[in-house]
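Q: So you can see what is in the structure, the chains are spelled out below.
There are 2 protein chains.
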Amino acid sequence: MTILLVLAHPNEQSFNYAIADTARRTLEDLDHQVIFRDLYCDGFDPLLWQDEFPTKAPLPPLVEEYCTELAAADGLIIVHPNWWGMPPAIMKGWVDRVFRPGVAYEFLEGDKGEGIPLGLLKAQSALVFNTCNTPAEREQEVFGDPLERLWQVCILDFCGIKDFERRMFGMMVLSDAEQRQGWLDEVARMVARRFPAQE
Amino acid sequence: MTILLVLAHPNEQSFNYAIADTARRTLEDLDHQVIFRDLYCDGFDPLLWQDEFPTKAPLPPLVEEYCTELAAADGLIIVHPNWWGMPPAIMKGWVDRVFRPGVAYEFLEGDKGEGIPLGLLKAQSALVFNTCNTPAEREQEVFGDPLERLWQVCILDFCGIKDFERRMFGMMVLSDAEQRQGWLDEVARMVARRFPAQE
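If you read the protein sequences in the order shown, they are chains A and B.
For the first sequence, our numbering begins at 1 and goes up steadily by one.
For the second sequence, our numbering begins at 200 and goes up steadily by one.
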């Protein structure tokens, strides 16, 4: 399988990098092809401008590449910290610019944009890993854990990805090396279970 | 009063611009001082990098200016379209970089980041205006209208702004000039009610 792995964190020493690295190695050990995109490292510009709104708009090369990779992926793994109940701006912009009509979804004929679109992604399965510094109970009860619904319903299901699993690790500031290693082992198990070796 | 009005939309012909313009004129007619920030027009870079994490980190001039304006505002008006249940990336980055520790919130002494921080914003009141192309019922029942909780709880209440009101206009693609004018009249009424002329 070809798995698109997308990471958004500005620090290469961060636990988010360790998650992405663990996911990548696990996939490679299972003989999957991994397309790893580190958005900060790529210098990705997250601003969607008006000229990219039309379905057939010409796109800058990097955005075009990102679109091709997203459309071709058999599975998706997303890694980012929880910043204000949302992904970092750079990953929000990856969604804004890359989850385009004609790539990730399309409106049915005669629909001016008011109807329920058709999800176009070939991938059927996605994993989302997040880190946070909010106690799990407070995240759930006060903030309502917005990332769950944003990724599952607003973005992935909308584009046709029905199988979804997410894990948020925290609280990072209180974790020690042993706990983090346990979390990385969990990442490896989740990745292997979701994307098993093909016969 | 000094009201900070922040807009994120790439098209100056958009209804979002018309909302911001109506809000600005209404505030000026009531003798408020308006600080109007058009993030796309400012060329704002929404990427938060590691070197800006520390509370006392030196900031680029525009970010510093944005922080000063946010801290000094008596009220806040936010205008943006609903893109994937979130603000456009440029406004997500305005939150990432400008709602900083020491500006918008602070952790209590001895708190490494795991506790409940103190909101620092002087503003007590905020209005959020959004546009969308999703039927209201579908937005509520399928997507859960994430913008409501994101702005009210995850961002503004977190930073000390308790009075919150939000209005999402739509569906834009099906609206005509008359309906849009009615919506702008509603914007003007909401702004005048929330930020009345001072004695």
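I should point out that these hints are in silico values taken from the structure, not numbers from a laboratory.
Note that the structure is a prediction, hence the values are computed from the model and not measured.
Beta carbons: idealized from backbone N, C-alpha and C, even for Gly.
Be aware that one or more of the hints could be misleading.
A few chain A residues facing chain B, derived, Cβ under 7 Å [stated by the list, open to error]: (1) Leu62; (2) Gly93; (3) Asn133; (4) Cys154; (5) Leu174; (6) Ser175.
Q: Under 7 Å, Cβ to Cβ, is where serine 175 of chain A needs to be relative to chain B, so tell me if that hint holds or is violated.
A: Violated, about 10 Å.
Q: Please verify that hint: glycine 93 of chain A, Cβ, nearest Cβ of chain B, below 7 Å or not.
A: holds (3 Å)
Q: Does the interface hint hold: is leucine 62 of chain A within less than 7 Å of chain B, judged Cβ to Cβ?
A: With a minimum Cβ separation of about 15 Å from chain B (threshold 7 Å), the hint on leucine 62 of chain A is violated.
Q: Can the hint on leucine 174 of chain A be confirmed by a CB-to-CB distance to chain B that is less than 7 Å?
A: At 5 Å from the nearest chain B Cβ, leucine 174 of chain A passes the 7 Å test, so the hint holds.
Q: Answer holds if the nearest beta-carbon of chain B is closer than 7 Å to that of cysteine 154 of chain A; otherwise answer violated.
A: holds (4 Å)
Q: Close enough to count: is the Cβ of asparagine 133 of chain A nearer than 7 Å to one in chain B?
A: holds (5 Å)
The structure shown violates the earlier hints numbered 1 and 6.
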